[in-house]
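Since the structure of chain A is provided, determine the placement of chains B, C, D, E and F on it from the hints.
As you go down the protein sequences, you meet chains A, B, C, D, E and F in turn.
Just so you know, we're using the working numbering here: the first sequence kicks off at 1 and counts up by one.
Just so you know, we're using the working numbering here: the second sequence kicks off at 1 and counts up by one.
Just so you know, we're using the working numbering here: the third sequence kicks off at 1 and counts up by one.
Just so you know, we're using the working numbering here: the fourth sequence kicks off at 1 and counts up by one.
Just so you know, we're using the working numbering here: the fifth sequence kicks off at 1 and counts up by one.
Just so you know, we're using the working numbering here: the sixth sequence kicks off at 1 and counts up by one.
Rather than coming from a laboratory, the hints here were simulated on the basis of the structure.
Relax, there's no trap hidden among the hints.
Same chains, same label: a pair holds when it works inside one copy or across any pair of copies.
Listed next, the in silico DMTMM-like pairs over lysine to aspartate or glutamate satisfying Cα-Cα at most 20 Å (straight line):
id, residue 1, residue 2
1, K123, E196
2, K144, E76
3, K123, E50
4, K123, E21
There are 6 protein chains.
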Amino acid sequence: MTALGVVVTDIPRLSPALVNEFSTYGVTTVHEAGGRTPGLLASYMRPISEGHSISGSAVTVLAQPGDNWMLHVAVEQCQPGDILVVAMTAPSTDGLFGDLLATSLMARGVRGLVIDAGVRDIKTLRELGFPVWSKAVSARGTVKATLGSVNIPVVCAGALVAPGDVIVADQDGVVVVPSAKAQETLEKASAREANEAQKREKLASGVLGLDMYQMREPLKQLGLRYID
Amino acid sequence: MTALGVVVTDIPRLSPALVNEFSTYGVTTVHEAGGRTPGLLASYMRPISEGHSISGSAVTVLAQPGDNWMLHVAVEQCQPGDILVVAMTAPSTDGLFGDLLATSLMARGVRGLVIDAGVRDIKTLRELGFPVWSKAVSARGTVKATLGSVNIPVVCAGALVAPGDVIVADQDGVVVVPSAKAQETLEKASAREANEAQKREKLASGVLGLDMYQMREPLKQLGLRYID
Amino acid sequence: MTALGVVVTDIPRLSPALVNEFSTYGVTTVHEAGGRTPGLLASYMRPISEGHSISGSAVTVLAQPGDNWMLHVAVEQCQPGDILVVAMTAPSTDGLFGDLLATSLMARGVRGLVIDAGVRDIKTLRELGFPVWSKAVSARGTVKATLGSVNIPVVCAGALVAPGDVIVADQDGVVVVPSAKAQETLEKASAREANEAQKREKLASGVLGLDMYQMREPLKQLGLRYID
Amino acid sequence: MTALGVVVTDIPRLSPALVNEFSTYGVTTVHEAGGRTPGLLASYMRPISEGHSISGSAVTVLAQPGDNWMLHVAVEQCQPGDILVVAMTAPSTDGLFGDLLATSLMARGVRGLVIDAGVRDIKTLRELGFPVWSKAVSARGTVKATLGSVNIPVVCAGALVAPGDVIVADQDGVVVVPSAKAQETLEKASAREANEAQKREKLASGVLGLDMYQMREPLKQLGLRYID
Amino acid sequence: MTALGVVVTDIPRLSPALVNEFSTYGVTTVHEAGGRTPGLLASYMRPISEGHSISGSAVTVLAQPGDNWMLHVAVEQCQPGDILVVAMTAPSTDGLFGDLLATSLMARGVRGLVIDAGVRDIKTLRELGFPVWSKAVSARGTVKATLGSVNIPVVCAGALVAPGDVIVADQDGVVVVPSAKAQETLEKASAREANEAQKREKLASGVLGLDMYQMREPLKQLGLRYID
Amino acid sequence: MTALGVVVTDIPRLSPALVNEFSTYGVTTVHEAGGRTPGLLASYMRPISEGHSISGSAVTVLAQPGDNWMLHVAVEQCQPGDILVVAMTAPSTDGLFGDLLATSLMARGVRGLVIDAGVRDIKTLRELGFPVWSKAVSARGTVKATLGSVNIPVVCAGALVAPGDVIVADQDGVVVVPSAKAQETLEKASAREANEAQKREKLASGVLGLDMYQMREPLKQLGLRYID
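Just chain A, same shape as in the assembly:
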């Protein structure tokens, strides 16, 4: 499963309708809907551009530090609606990804990149409107000399990502939803969203969370004291 030198060619994907709906909720809501289980990538994963909010099916890459060969291999495995997720065998900030690979991914309908390493050509990436979440920006070039793998389960920025899992990414970060939990998570996200609108209205009118959530009694029982 975790061998180097393997490309899995036919990965299962969820229906586009299901995957697409995730982008309407965003990372924080999906994370909460998923029960706050692991799945949130580390907070050092930041977008290179403001304003993108995407969801898609994960195509995974395991790459070696200083080597971006497997990203070229992965392009061929991508379909419209996918998000490329690049994990590293060792920590790296090298610029494994730039405008040429972005052009290639866009030609295949890929929605964005999530990479636990560096990216470069970011001025062009922004002009192209190609969404990227990365650990670093770095012009450092890479070689094409060692094998990694494509479409095996990987640990990316601290989260386990299997090929075909749903990736959601926006200004709050990146979250992965295991495909088996996608339908259930989506339903909970929808319920949560409805619920939030009501709360927001109440709070805006001046109602306190202390009252709305009925927190006063449990706080008192734990011993919270008010003093002048």
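Same frame as chain A, now just chains B, C, D, E and F:
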């Protein structure tokens, strides 16, 4: 003073006129006017939006990692013109604050948030125009299970903040001015600002700092050598 | 060569035409054209504003932590077309540079600042349109008490920079080109750029990098396996 | 699979003979024998004492920051020959583990602890001779207020660990071997070890790796140049 | 209170008997006895030698980065039984302290050093048996050019330390106890210690924490599920 | 000078007598004797064993992340009395060096390793008594696929090291002395050492640094105030 489970309800605040004037000078000038004494929060505290420059009275929170309960408690203690300052008992990047708490704070006239942890829903926070300085952006949710305190002196991002102290925050970071030193600091800030305008004009005309500040002689005495 | 307390006054600079041309290629292309040899500054060096892409001749400063005196000394050594490069004798995030020094540098035609420490007054720096790449933003003030040096070779953010070397900086970071290698690097950058345009077009049309770069055979020889 | 609030009680374990043999090879050899696939925990995981080299079956814990309740739950699931592996839902350096938990684990024959957080009472832990690999040492206490899980697959310090996987830990760090690959990895480790002894002898006698590994020709073909 | 350039000469100290007793409990027990309120220094503060466990009265120093002048000033303010606590106005790893200052402190009966910066000559410090907790080891020398303060309240490694507070330091780190809370904290530490011995014995005999702490019922109520 | 793919075979070395004498002074004294100019490697460079204090002639390596091929190439260029200094083209913690390379270096009389990356097999390295200063300990294996260089000037952990420079390393860290400054630095180190012994004796007898260094007057002039 530093016990957990305590909410101090009636904190002294300086006059709004005094507090408000700080925002016209900004963090760097106030830091210099305060004699460069401690009071500057660590440089990892960054704004989530460009362009905000605020000052206000500190309402302080001490929260436990992974738990944002005390923020809800703190909302009730806030008044128009306040800035909420959240310190942690242990390092954390969790998203303790999001759009609902922001809505609640805005309903009470709070000017902004300074938090030594993470925030989330930042797209909405930006749309709301609610200013936030934080250590991280993270969708990671938190529980409501443990007590912290509100309005006790706290160490936030390396700086001691007492309730009622003046907080100044802009693109350069965040600085705290002890309330007892506010009047004096403001006067020095004003003097400094006037002084800076003159210097800026001279330097813009090509006068060298070496001459304007009369540095050549002391540099020579310390042994600075010019060689070809 | 690396003594403290030395200012070298007459440094060699390359022709403006040569230096200026580098900005048309950008950091990533120049890094690649230079054979990926050292010269790339650490990826923590980030611009404080979007959109600047500059090249210039390096005027170097070696400063002590908490002390920006040598920056004032360096201003006098600057000419139009220069970029000021500030290295530290020990790691620092202090704000050694602000709007007054920027005003002074702009009066001398300096194109930008690269500093392995902090900067402040960044709102004003952005309004002035003065480009800065730094390790941190910090209002922390500095003293003028200890000697450093100007125009000696320095290590800035992990890269060796000699006075008169070509500095190129944009959204991807900062790279230094030794003056002796400038002409050759420029030629390679030009060739690379031409080459990239063709590749981009092919990739945009759907041609795979695997085919365009003829990677399939070497990957197979290394043992890459495709499985369902 | 990754839900919070779950304890899996009957996990499969490999035969003690198989698991124990791993400790004779050590982390580096096992990592190489496993084909350098992921499985190595991040290099920040360091032992609190010198000289321990252990292997065992993983009992996994997923804990929330600031909360060590699940460690108490996990103790009951441990058997002689196990190693407790603690992952966190968010980064933490809190001291979730001390001498009382160590005493409890030792009473059950547990061989050691691997924790992506902090430990405390380390003087006593050293006296007890209980092996620990951790991210930090911290006296920071934790609460018992929130649920995590026991014996579900976790990501610990960047590596995926399933319950029952083989953990190997020594001065070089910590590596996990998926149980399905244990037998094969052990055989390769054994072969490698035999091979290394021969190499070591040759190198000690002055034979160069360049010759022993026949590197001169491939280096030449890649263009390595020797100059005076 | 926080001005630079001030030396407070007559600070209050608690009775030696009271201060000394803290060292018998150690950092973790004292932290717990103090109710886990702030007071624990950041976990990056590590001892340079094993085996020291000390307590003493804090003499505080606020120093500027790259400058150790105030440490020389502070020596004169030290008495037998004191611990020198050095805070910085900005983050630093410079070696502000070495064998000469240690010799001077030992001549005055000072028990140890806690410094949020670097130390050097550590081979000699170890030979002298002088206990040090620091952020870094660094040979980097410092100047004597700028004023700081002695015996004002400081924030050291994230914790507020007032002169005369009790400092406790051992292998688990460093904790500060405000002098007003010392007597109460000591009593709680004593009670806790007695309590721990009993627990340790039970756990060693195989009793589970789950039963000893009666955790099964609250865990069940929160919804913990056991599955095969 | 900084090209990849180059091995310089005949580097100049200083006389063994000169080089060896540096080890008697240690890193801190040599750093001071060199005028505190750059030359100190970053403080994250730590020894894997206590008690080594060495000096030697630098043989330099520039390696690519994840690739230790050039270390094998470098062995051949080493002579008795050398210290191998490994710099990276990009940040890395991979384990580029282990017991086999150490065996090979020891067979050639090399005195130690300084590497801005990771090392492994550290139990064996300690048993062999081979001194190593590194950025990390990591079992992570590396490939032999890309060219770097040997015996070109490199930036290692922030310091410029030219082949043939003197390296001094002990418990305080690592410092490099340019060969052209070695004789002068040694003389100053000797003078400093003699001087230190006198100071140590005075301070041990209770004389204050304030008096011994005659600091009271300059402190007063800068405005230091003593208050009760």
